[in-house]
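Peer 1: In this note's numbering, the protein residues as written are -1 to 236.
Just so you know, the hints here were simulated from the structure itself, not pulled from any lab data. Note that the structure is a prediction, hence the values are computed from the model and not measured. Careful: at least some of the hints might be erroneous.
Unchecked claim - Think about it this way: if two alpha-carbon atoms lie no more than 35 angstroms apart in a straight line, the pair counts; the simulated DSBU-like pairs of lysine-lysine are:
#: 1; residue 1: Lys122; residue 2: Lys13
#: 2; residue 1: Lys122; residue 2: Lys207
#: 3; residue 1: Lys13; residue 2: Lys118
#: 4; residue 1: Lys98; residue 2: Lys118
#: 5; residue 1: Lys118; residue 2: Lys226
#: 6; residue 1: Lys94; residue 2: Lys13
#: 7; residue 1: Lys212; residue 2: Lys118
#: 8; residue 1: Lys226; residue 2: Lys122
#: 9; residue 1: Lys149; residue 2: Lys212
#: 10; residue 1: Lys94; residue 2: Lys122
#: 11; residue 1: Lys16; residue 2: Lys118
#: 12; residue 1: Lys98; residue 2: Lys149
#: 13; residue 1: Lys91; residue 2: Lys226
#: 14; residue 1: Lys16; residue 2: Lys91
#: 15; residue 1: Lys94; residue 2: Lys16
#: 16; residue 1: Lys91; residue 2: Lys122
#: 17; residue 1: Lys98; residue 2: Lys122
#: 18; residue 1: Lys91; residue 2: Lys212
#: 19; residue 1: Lys91; residue 2: Lys118
#: 20; residue 1: Lys149; residue 2: Lys226
#: 21; residue 1: Lys16; residue 2: Lys98
#: 22; residue 1: Lys226; residue 2: Lys212
#: 23; residue 1: Lys94; residue 2: Lys118
#: 24; residue 1: Lys122; residue 2: Lys212
#: 25; residue 1: Lys226; residue 2: Lys94
#: 26; residue 1: Lys149; residue 2: Lys91
#: 27; residue 1: Lys98; residue 2: Lys13
#: 28; residue 1: Lys207; residue 2: Lys149
#: 29; residue 1: Lys207; residue 2: Lys226
#: 30; residue 1: Lys13; residue 2: Lys91
#: 31; residue 1: Lys149; residue 2: Lys118
#: 32; residue 1: Lys13; residue 2: Lys149
What the hints assert, rightly or not - Pairwise CB distance ranges (calculated):
#: 33; residue 1: Gly88; residue 2: Trp196; range: 38 to 46 angstroms
#: 34; residue 1: Val176; residue 2: Arg151; range: 32 to 40 angstroms
#: 35; residue 1: Val213; residue 2: Ile115; range: 28 to 36 angstroms
In this text, a Cβ means the ideal position worked out from N, Cα and C, and glycines have one as well.
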Amino acid sequence: MTGVLRNASQPDIRKAYKRLVLRFHTDKIGHNNRSKNIDHKFKLIQEIYRVLNDRQRRQVYDKRHPSHGNYRNRYVEHTVYVSLRDVLRGCTKRMKVTRKLWYSVREFATESEILTIVVKRGSKSGTRMEFAGRGNHPYYSCAEDIVFVLKDRPDNRFRRHGNDIVYTARIHLVDATVDQPIAVPLPSGRTLDVSLDWPDINRLFNHRKCVILKVGLGLPDGNNAAIKGDLIIECVIN
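The task is simple: from the sequences and hints, build the whole structure.
Peer 2: What follows is the structure, given as structure tokens:
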């Protein structure tokens, strides 16, 4: 009911208590809108706080109500799509979430909140960001967690392989023979002019494709932004 975990610190308990008092206090709800159930909850919240805020009484409570080691709070997942530019530079995203705060089996209120997600440079698809206790709050248990899962946004120009970026350049053989540079777009928005050397041109003649590697022009590593992947340019005859 308090929305805090068993191993919560005293500041966490005080913070949860203040939040619940604001929700159920007479000045917040109003005398006309109160019910016996809400009055009972308000008294119960005060009693729980007196127990948890007293170290000796809390130790007695913990002994009588042992915690199971495999406990995990319930959570709701949301997918957040990120572009290659987001991963390249890093960014923040503001996500609006709406949750239900249940007072009883049938009574609940809704509230909205803006959560800020920090997408670090080099973040990989599948990265999880958890916001504990920010989801729906059933009246009989702790508030649910909200989990945001990053996913690469589909890109019709690039393919991502870890920290490497793959770009397919469709060129005319005539342009290759006259040393016409290939304009390769980059996730940053810039354009890179790439010239073919004779071995590349020979491979195009013989196999109708070649691969050019540009070291360090890929995405930064999520653990060490100084380490960067490569840009892989697949040249094929159009």
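Peer 1: Confirm or reject each hint.
Peer 2: Consistency of the hints with the structure:
1. Lys122 x Lys13: 34 angstroms, holds
2. Lys122 x Lys207: 30 angstroms, holds
3. Lys13 x Lys118: 29 angstroms, holds
4. Lys98 x Lys118: 30 angstroms, holds
5. Lys118 x Lys226: OK: Lys118 and Lys226 at ~14 angstroms, within 35 angstroms.
6. Lys94 x Lys13: The hint holds at about 22 angstroms.
7. Lys212 x Lys118: Satisfied, since the Cα-Cα distance of roughly 23 angstroms is no more than 35 angstroms.
8. Lys226 x Lys122: Cα-Cα ~13 angstroms, so holds.
9. Lys149 x Lys212: 25 angstroms, holds
10. Lys94 x Lys122: 23 angstroms, holds
11. Lys16 x Lys118: Status holds; Cα separation ~33 angstroms.
12. Lys98 x Lys149: 27 angstroms, holds
13. Lys91 x Lys226: Judged against 35 angstroms, a Cα distance of about 23 angstroms means the pair holds.
14. Lys16 x Lys91: 28 angstroms, holds
15. Lys94 x Lys16: Given pair Lys94, Lys16 holds - Cα atoms ~23 angstroms apart, limit 35 angstroms.
16. Lys91 x Lys122: Distance of about 16 angstroms is within 35 angstroms: holds.
17. Lys98 x Lys122: Answer holds: Lys98 to Lys122 is near 31 angstroms, not above 35 angstroms.
18. Lys91 x Lys212: Since the Cα atoms of Lys91 and Lys212 sit roughly 31 angstroms apart, the hinted pair holds (cutoff 35 angstroms).
19. Lys91 x Lys118: 11 angstroms, holds
20. Lys149 x Lys226: 20 angstroms, holds
21. Lys16 x Lys98: OK: Lys16 and Lys98 at ~18 angstroms, within 35 angstroms.
22. Lys226 x Lys212: The given pair, whose Cα atoms are some 11 angstroms apart, holds under the 35 angstroms limit.
23. Lys94 x Lys118: Within the cut-off at roughly 20 angstroms; holds.
24. Lys122 x Lys212: Between Lys122 and Lys212 the Cα gap is close to 21 angstroms, so the pair holds against 35 angstroms.
25. Lys226 x Lys94: 33 angstroms, holds
26. Lys149 x Lys91: This hinted pair holds, its Cα atoms lying about 13 angstroms apart.
27. Lys98 x Lys13: Status holds; Cα separation ~19 angstroms.
28. Lys207 x Lys149: 31 angstroms, holds
29. Lys207 x Lys226: 26 angstroms, holds
30. Lys13 x Lys91: Between Lys13 and Lys91 the Cα gap is close to 26 angstroms, so the pair holds against 35 angstroms.
31. Lys149 x Lys118: 13 angstroms, holds
32. Lys13 x Lys149: Distance ~33 angstroms between Lys13 and Lys149 Cα, so the pair holds.
33. Gly88 x Trp196: 38 to 46 angstroms: 40 angstroms, holds
34. Val176 x Arg151: 32 to 40 angstroms: 37 angstroms, holds
35. Val213 x Ile115: 28 to 36 angstroms: 31 angstroms, holds
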